[in-house]
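Chemist: So you can see what is in the structure, the chains are spelled out below.
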Amino acid sequence: MFSIFLPRDVNFSELFEKQANYAVDAASYFKELVSKGTLDEASYQKMHDIEHQGDDVAHAIFDHLNKTFITPFDREDIHALAKRLDDVVDMIYTIVNRLKVYKLTSIHKNLIEFASVIEESTRAVAHAVKGLGNMKNAKKIFEYCVEINRLENVGDSMRDAMLADLFETEKDPISVMKWKEIYQDAETVLDICEDVAHVVQSILVKQA
Amino acid sequence: MFSIFLPRDVNFSELFEKQANYAVDAASYFKELVSKGTLDEASYQKMHDIEHQGDDVAHAIFDHLNKTFITPFDREDIHALAKRLDDVVDMIYTIVNRLKVYKLTSIHKNLIEFASVIEESTRAVAHAVKGLGNMKNAKKIFEYCVEINRLENVGDSMRDAMLADLFETEKDPISVMKWKEIYQDAETVLDICEDVAHVVQSILVKQA
Amino acid sequence: MFSIFLPRDVNFSELFEKQANYAVDAASYFKELVSKGTLDEASYQKMHDIEHQGDDVAHAIFDHLNKTFITPFDREDIHALAKRLDDVVDMIYTIVNRLKVYKLTSIHKNLIEFASVIEESTRAVAHAVKGLGNMKNAKKIFEYCVEINRLENVGDSMRDAMLADLFETEKDPISVMKWKEIYQDAETVLDICEDVAHVVQSILVKQA
Numbered sequence: 303m304f305s306i307f308l309p310r311d312v313n314f315s316e317l318f319e320k321q322a323n324y325a326v327d328a329a330s331y332f333k334e335l336v337s338k339g340t341l342d343e344a345s346y347q348k349m350h351d352i353e354h355q356g357d358d359v360a361h362a363i364f365d366h367l368n369k370t371f372i373t374p375f376d377r378e379d380i381h382a383l384a385k386r387l388d389d390v391v392d393m394i395y396t397i398v399n400r401l402k403v404y405k406l407t408s409i410h411k412n413l414i415e416f417a418s419v420i421e422e423s424t425r426a427v428a429h430a431v432k433g434l435g436n437m438k439n440a441k442k443i444f445e446y447c448v449e450i451n452r453l454e455n456v457g458d459s460m461r462d463a464m465l466a467d468l469f470e471t472e473k474d475p476i477s478v479m480k481w482k483e484i485y486q487d488a489e490t491v492l493d494i495c496e497d498v499a500h501v502v503q504s505i506l507v508k509q510a
Numbered sequence: 303m304f305s306i307f308l309p310r311d312v313n314f315s316e317l318f319e320k321q322a323n324y325a326v327d328a329a330s331y332f333k334e335l336v337s338k339g340t341l342d343e344a345s346y347q348k349m350h351d352i353e354h355q356g357d358d359v360a361h362a363i364f365d366h367l368n369k370t371f372i373t374p375f376d377r378e379d380i381h382a383l384a385k386r387l388d389d390v391v392d393m394i395y396t397i398v399n400r401l402k403v404y405k406l407t408s409i410h411k412n413l414i415e416f417a418s419v420i421e422e423s424t425r426a427v428a429h430a431v432k433g434l435g436n437m438k439n440a441k442k443i444f445e446y447c448v449e450i451n452r453l454e455n456v457g458d459s460m461r462d463a464m465l466a467d468l469f470e471t472e473k474d475p476i477s478v479m480k481w482k483e484i485y486q487d488a489e490t491v492l493d494i495c496e497d498v499a500h501v502v503q504s505i506l507v508k509q510a
Numbered sequence: 303m304f305s306i307f308l309p310r311d312v313n314f315s316e317l318f319e320k321q322a323n324y325a326v327d328a329a330s331y332f333k334e335l336v337s338k339g340t341l342d343e344a345s346y347q348k349m350h351d352i353e354h355q356g357d358d359v360a361h362a363i364f365d366h367l368n369k370t371f372i373t374p375f376d377r378e379d380i381h382a383l384a385k386r387l388d389d390v391v392d393m394i395y396t397i398v399n400r401l402k403v404y405k406l407t408s409i410h411k412n413l414i415e416f417a418s419v420i421e422e423s424t425r426a427v428a429h430a431v432k433g434l435g436n437m438k439n440a441k442k443i444f445e446y447c448v449e450i451n452r453l454e455n456v457g458d459s460m461r462d463a464m465l466a467d468l469f470e471t472e473k474d475p476i477s478v479m480k481w482k483e484i485y486q487d488a489e490t491v492l493d494i495c496e497d498v499a500h501v502v503q504s505i506l507v508k509q510a
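For the protein sequence lines, the chains are G, H and X, in the order given.
Its first residue numbered 303, the first sequence is counted upward by one per residue in the working numbering.
Its first residue numbered 303, the second sequence is counted upward by one per residue in the working numbering.
Its first residue numbered 303, the third sequence is counted upward by one per residue in the working numbering.
Rather than coming from a laboratory, the hints here were simulated on the basis of the structure.
Warning: the hint list may mix true and false statements.
In this list, chains with the same sequence are indistinguishable; a pair is considered to hold if it fits within one copy or across any two.
To be verified - Restricting the straight-line Cα-Cα distance to at most 27 angstroms, the calculated cross-link-like pairs of lysine-lysine (BS3-like) are:
1) LYS402 x LYS473
2) LYS385 x LYS369
3) LYS405 x LYS320
4) LYS369 x LYS442
5) LYS385 x LYS473
6) LYS441 x LYS369
7) LYS441 x LYS385
8) LYS442 x LYS348
9) LYS432 x LYS442
10) LYS405 x LYS441
11) LYS338 x LYS438
12) LYS442 x LYS338
13) LYS473 x LYS432
14) LYS438 x LYS411
15) LYS402 x LYS508
16) LYS402 x LYS338
17) LYS508 x LYS411
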């Protein structure tokens, strides 16, 4: 079953696993970075490197996809999965880049809490994606998808609470502007993880 | 003609009709709520419920789509239609959620005007979507699509006028920030209605 | 080779060429307009006209696509190419519309620099798109795509530098709000050009 997913000339399974690992790497490093409370050039550079490496894998998948006639599942699902996994890493990098450009060198503690949820979600994403190679995992994969959806709801509430708090306590409009964007971006990472879960579920349902 | 659209095991037509009704419900309730001029917890909760119910129908469509081999029209059109109808309700809910989080308990009169146009547009969307089951309706459906496009242009002008007015009259930068986002979101609802119209037109043209 | 791309009843090649020319027109006119340093009603109107004309071509492509059974390349690639080329023009128009609505009649010199990069990128886009009719151009088209990607990276750095500078020098929060959005939009134009390049590359790879 699903043997077509296994190596022939192109091993999509392995590439997706790599991509998912970069998502977890980006999230873990993001959590580490915001926990330190300051952003230095070396930390920024490391995040930039992860983003570049993730990009390379995504492009490898797109290239293989365009050149491969028979694919393990629907072409559009492969494309969507690779695109959305790449978006996870990109969005985390975007937040770090904003911290740098906006000179937010002293990081709100709030963001640590958010970074933990993001890390949890990327770990669930990685489990779900890595399970795709074997339909025996279907039940577990669905459970990871439910967990990703749950974390997205948690993120919605966190963002709303942080925005309400920000508008209440921060009186400098320019700081409000900067942190508002950061919190909304952080929630967007969880939205994108949910998009990945949707693609994964759609792949599973088609094969049921 | 189009009999495949009618019940067999899955009735997409009925599900789309439900979705379109939730879009109208969300828009009507949004208008009612902004007309009252204040937002209380019960009103927020009711909008949240509509959004959840709409979500359930969207997921039912996605599930059926993944499990159904023969579909009444192109799979990607069914997917796009369900996704965009869901986005309409989500976006209306997003505005109400922002009003709550930003503590905008006293609502600008401007928004009532916008809510009326949004309601009109969702009604045209519902007519267009419900007509899809029978090709005899093609001419009327096209007219609804033209109307949806017209209302999107009306919305563009309304948003521009409201933003110009906001920047002219509101001197508190944080209030500007909040209302700017609300007006842009309101216009986005009309953009999404136009996206629905595009999918509907693409379905019609393929069947002509 | 690729003769199916040439006229039969529908000439997609010609329509894409038109669309690409409107993208270049919009970008050139945008550069001219920001170089003048002020925005008058006539300039705004001219940009609005270009946007409308681009829209008409996009709709012609969508209509033909829906009515055509055999297409020169994958239907989804044709749709994506037309959609993204349309988005380029729309986004440039959006910036000009914001300048008007926000009454930014005196334009930051920074934006001229950005407008030059945008113009360069649309020219590369036009070359890449026009080359698609003949596979002998494949190598050159790939070079244009590399150039479009390079310009997107240039744009990222420009936007970051301009935002950092804005937050450092502009003390009026409402001005910060307006110009921040303009700079982010300007970079978005280059992102969309990169999306066009991705579609073009995907078409090429499939035909290799």
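Chemist: State whether the alpha carbon distance between LYS432 and LYS442 is at most 27 angstroms within one copy, between copies, both, or neither.
Modeler: Within. Shortest intra-copy distance 11 angstroms satisfies the 27 angstroms Cα cut-off; inter-copy 38 angstroms does not.
Chemist: Evaluate LYS405 and LYS441 at a C-alpha cut-off of 27 angstroms and name the case that applies: within, between, both or neither.
Modeler: neither (45 angstroms within a copy, 42 angstroms between copies)
Chemist: At most 27 angstroms between C-alpha atoms: does LYS442 with LYS348 qualify within a copy, between copies, both, or neither?
Modeler: Classified as neither: same-chain Cα gap 33 angstroms, cross-chain 34 angstroms, threshold 27 angstroms.
Chemist: What label fits LYS402 with LYS473 when the C-alpha limit is 27 angstroms: within, between, both, or neither?
Modeler: both (22 angstroms within a copy, 19 angstroms between copies)
Chemist: Between copies, within a copy, both or neither: which fits LYS441 and LYS385 at Cα up to 27 angstroms?
Modeler: Answer is both; intra-copy 24 angstroms and inter-copy 25 angstroms each pass.
Chemist: Up to 27 angstroms between alpha-carbons, please classify LYS438 paired with LYS411: within, between, both or neither.
Modeler: Intra 41 angstroms, inter 57 angstroms, cutoff 27 angstroms: neither.
Chemist: 27 angstroms Cα cut-off: does LYS442 pair with LYS338 within a copy, between copies, both or neither?
Modeler: neither (34 angstroms within a copy, 47 angstroms between copies)
Chemist: Since the copies are identical, ignore which copy is meant and state whether LYS473 and LYS432 lie within 27 angstroms (CA to CA) inside a copy, between copies, both or neither.
Modeler: neither (46 angstroms within a copy, 49 angstroms between copies)
Chemist: Given a CA cutoff of 27 angstroms, do LYS385 and LYS473 count as a within-copy pair, a between-copy pair, both, or neither?
Modeler: neither (39 angstroms within a copy, 39 angstroms between copies)
Chemist: Pop the pair LYS338 and LYS438 into one bin, within, between, both or neither, using alpha-carbon distances up to 27 angstroms.
Modeler: For LYS338 and LYS438, the Cα distance exceeds 27 angstroms both inside one copy (41 angstroms) and across copies (54 angstroms).
Chemist: Pop the pair LYS402 and LYS508 into one bin, within, between, both or neither, using alpha-carbon distances up to 27 angstroms.
Modeler: Answer is neither: 43 angstroms inside a copy and 40 angstroms across each miss the 27 angstroms cutoff.
Chemist: When no copy is specified for LYS508 and LYS411, does a C-alpha distance of 27 angstroms or less occur within a copy, between copies, both, or neither?
Modeler: So LYS508 and LYS411 fail the 27 angstroms test inside a copy (43 angstroms) and across (48 angstroms) alike.
Figure legend: structure checked against the earlier numbered hints; hints not met, in rising order: 3, 5, 8, 10, 11, 12, 13, 14, 15, 17.
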